[in-house]
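Chemist: Each chain, letter by letter, is given below.
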Amino acid sequence: MLLGGMAATAATVLLKQSSGQVVQTALSGNRLLLHDPTKVLGPMPSQLGSRSPYEQPLRKPTDTSSRTPLQDLYGTITPSDLHFERHHGGIPAIDPQRYELLIHGMVERPTVFTLADLKRFPSLSRIFFLECSGNFRSGKEKMTPQDICGLTSQSEWTGVLLSTLFREVGIHPKATWFLAEGSDAAVMTRSIPVNKALEDGMIAFAQNGEALRPAQGYPARLLLPGWEGNTSVKWIRRIEVSDQPFMTREETSKYTEQVGDKVRQFSFVMDARSVITFPTYPAVVQKGWIEIRGIAWSGRGKIAKVEISTDAGKTWQPAQLGGPVLDKAHTAFRYLWLWDGKATEIMSRAVDETGYTQPTLAQLKKARGNNMGGYHLNSIIAWQIKSDGSVLLVPENTR
Amino acid sequence: MYLRKNLPQQLATGRLLPLCLLVLLAVGCAQKKDDAQPLANKQLPSRFGFGRPATAAQIAAVDIDVRPDGQGLPPGSGTVPEGRAIYATKCASCHGATGVEGPYNRLVSSDTSRAKAIGNYWPYATTLFDYIRRAMPFNAPGSLSNDEVYHLTAYLLHANGLVAADIEMNAANLPKVVMPAEDLFFPDDRTGGAEIR
Chain A
755 MLLGGMAATA
765 ATVLLKQSSG
775 QVVQTALSGN
785 RLLLHDPTKV
795 LGPMPSQLGS
805 RSPYEQPLRK
815 PTDTSSRTPL
825 QDLYGTITPS
835 DLHFERHHGG
845 IPAIDPQRYE
855 LLIHGMVERP
865 TVFTLADLKR
875 FPSLSRIFFL
885 ECSGNFRSGK
895 EKMTPQDICG
905 LTSQSEWTGV
915 LLSTLFREVG
925 IHPKATWFLA
935 EGSDAAVMTR
945 SIPVNKALED
955 GMIAFAQNGE
965 ALRPAQGYPA
975 RLLLPGWEGN
985 TSVKWIRRIE
995 VSDQPFMTRE
1005 ETSKYTEQVG
1015 DKVRQFSFVM
1025 DARSVITFPT
1035 YPAVVQKGWI
1045 EIRGIAWSGR
1055 GKIAKVEIST
1065 DAGKTWQPAQ
1075 LGGPVLDKAH
1085 TAFRYLWLWD
1095 GKATEIMSRA
1105 VDETGYTQPT
1115 LAQLKKARGN
1125 NMGGYHLNSI
1135 IAWQIKSDGS
1145 VLLVPENTR
Chain B
1081 MYLRKNLPQQ
1091 LATGRLLPLC
1101 LLVLLAVGCA
1111 QKKDDAQPLA
1121 NKQLPSRFGF
1131 GRPATAAQIA
1141 AVDIDVRPDG
1151 QGLPPGSGTV
1161 PEGRAIYATK
1171 CASCHGATGV
1181 EGPYNRLVSS
1191 DTSRAKAIGN
1201 YWPYATTLFD
1211 YIRRAMPFNA
1221 PGSLSNDEVY
1231 HLTAYLLHAN
1241 GLVAADIEMN
1251 AANLPKVVMP
1261 AEDLFFPDDR
1271 TGGAEIR
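Sequences listed follow chains A and B, in order.
Numbering of the first sequence is given in the numbering used here, commencing with residue 755 and proceeding in unit increments.
Numbering of the second sequence is given in the numbering used here, commencing with residue 1081 and proceeding in unit increments.
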């Protein structure tokens, strides 16, 4: 509730309805006095904080995943309890005292590490996004950023570098791949090139300053910055070093995409993408100044620029990036727009430091064919601004 | 004291500019080094000595993966009729009476549908054994014996027209099953830059 104009006998307030619409309403002087926080002693300090009862951002769950409410967030860090979920056999209950990580295969010293062992190594904390490669929905006008691409979130991850662990166990110079295996009911497995481990892979045990959340891999997970989310195997129990990929179900029959008549495999990197988070459905805007806000990210490095179109893609202007711009991280952008009240479409497109420009869905179809499936769809997302101020998605069809 | 006292004036006149540049440069370098190699291995001891050696028994207890060349396949064998019986009891409720109907993942492909299934999309037969053993049935993962997994593998490969009805599936012949989809697969060719792929 935001207090607006303070008249002598009445005030106006902005109320956010359950639909998400913000309405202006008058408040009588009496009611204002009854709610005067300066006349009531508040609660004293407590052991654990909680959100204001007026703020109730929620994930949107299905049987297999839950989506981050991107439109309700500020800045670039996802609160840990709103981080998206995707798991293949539910969330395992793991006692940290009994947790162990085994590293074996093409190593000199097959070794078992307890959680305490992992925490004894030099650790580091770095901010990265994590995105599911199946993070695209469209087809209806009444969709929020959460509905469209809520399977991306960002955290500050703390852990030990895989390069440190591989050095500790003495990885064989001819090793090229390793199997990462989780201890969930799906015993999730992916084959990962050793080079990625040596570049920036880590075993993370903390997220945003506290231990990992169970849904994010407690007590320890693989974290491969910029790569499709399911390669960052959660609840990791075993790493087997090898000289070839293992061709697990998740890298053959799943997480592969048709390109023409062929099937692309090991599509690890998440290409550059952006999404406007305001104004989007179900917001209603007014004529005048509007700050268009959103996030952009690339699995290949830093975001170089984000461009905004407010005329349905005819012309593009650069948005302002919120610094510091980090590698493989959600980057905030904003663009100040003077809306004349006429119906139009707004959209954003990201360009990363490799020169890659976020494509349209038509460009992706042209490159991959009409049976491209649902993985690695990072196309430009457009929003209709109606003359009455309502905002609706421009629905698209992947086929 | 001298610096602090005269700081505003020195900043205004630019007398501190060289110092400022130096500080910025130093911060910039530290930042860059930190970004590139947060913990250069040359700074680390050759070994920390953390963790404990894994015994052969410890490794064997969890080393359940099977590679396309057959490494990891256990002893045992399976037949199509026995696999069909197990399938009806433990798999059909999710995958349909003949592996086509669902509601969950379709397993059996057909000549008339492009729907993805084992026969037209799975590139390696060994993956079937690996996945059934580690994760199926969905409500009782890891509950099947090795022979039961061989039975189911034989049945599903036969249902997809890939092995004969009288096959006795085992560690020797499973890696040799030719999967039609193998030739379709190619490794990621996206490299960033201007091209959309």
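Hints in this document: simulated from the structure, not taken from any laboratory.
Keep in mind that a hint or two might mislead.
[Stated by the list, open to error] Result set (BS3-like, lysine-lysine): computed pairs, CA atoms no more than 27 Å apart in a straight line: (1) A:K896 / B:K1170; (2) A:K1016 / A:K896; (3) A:K928 / A:K894; (4) A:K1068 / A:K1041; (5) A:K1016 / A:K1119; (6) B:K1256 / A:K1016; (7) B:K1196 / B:K1256; (8) B:K1170 / B:K1196; (9) A:K894 / A:K814; (10) A:K1120 / A:K950; (11) A:K1016 / B:K1170; (12) A:K1120 / A:K1016; (13) A:K1008 / A:K950; (14) A:K950 / A:K1016; (15) A:K1140 / B:K1170; (16) A:K894 / B:K1196; (17) A:K1068 / B:K1170; (18) A:K1119 / B:K1196; (19) A:K1120 / B:K1256.
Chemist: Each hint should be assessed against the structure and marked as holding or not.
Modeler: Structure-based check of each hint:
Annotation: proposed proximity of K896 of chain A to K1170 of chain B is violated, straight-line Cα distance about 40 Å (limit 27 Å). For the suggested pair K1016 of chain A and K896 of chain A, the alpha carbons sit about 34 Å apart, so the restraint of at most 27 Å is broken. For the suggested pair K928 of chain A and K894 of chain A, the alpha carbons sit about 50 Å apart, so the restraint of at most 27 Å is broken. A threshold of 27 Å between alpha carbons decides the hint, and for K1068 of chain A with K1041 of chain A the separation of about 21 Å falls inside it, so the pair holds.
Restraint check: the Cα-Cα separation between K1016 of chain A and K1119 of chain A comes to about 14 Å, which is no more than 27 Å; the hinted pair holds. Distance hint between K1256 of chain B and K1016 of chain A is fulfilled; the C-alpha atoms sit about 22 Å from each other, no more than 27 Å. Between K1196 of chain B and K1256 of chain B the CA atoms are separated by roughly 22 Å; this keeps the pair inside 27 Å, and the hint holds. For the proposed pair K1170 of chain B and K1196 of chain B, the alpha carbon gap of about 22 Å is at most 27 Å, so the pair holds.
Between K894 of chain A and K814 of chain A, the direct Cα distance comes to roughly 17 Å. Compliance with the 27 Å bound is thereby established for this hinted pair. This hinted pair does not check out: K1120 of chain A and K950 of chain A have alpha carbons roughly 30 Å apart, beyond 27 Å. Restraint check for K1016 of chain A and K1170 of chain B: not satisfied, since their Cα atoms lie roughly 33 Å apart, outside the 27 Å limit. At most 27 Å may separate the alpha-carbon atoms for a hinted pair to count; K1120 of chain A and K1016 of chain A meet this at roughly 14 Å.
Distance restraint check for K1008 of chain A and K950 of chain A: the Cα-Cα separation of roughly 21 Å lies within the 27 Å cut-off, and the hinted pair is therefore satisfied. Proposed proximity of K950 of chain A and K1016 of chain A is supported: the alpha carbons are some 25 Å apart, at most 27 Å. Proposed proximity of K1140 of chain A and K1170 of chain B is contradicted: the alpha carbons are some 53 Å apart, above 27 Å. Only pairs whose Cα atoms come within 27 Å are accepted, and K894 of chain A paired with K1196 of chain B is accepted, the gap being roughly 26 Å.
Restraint check for K1068 of chain A and K1170 of chain B: not satisfied, since their Cα atoms lie roughly 57 Å apart, outside the 27 Å limit. This hinted pair checks out: K1119 of chain A and K1196 of chain B have alpha carbons roughly 19 Å apart, not beyond 27 Å. With a CA separation close to 37 Å, the supplied pair K1120 of chain A and K1256 of chain B exceeds the 27 Å bound.
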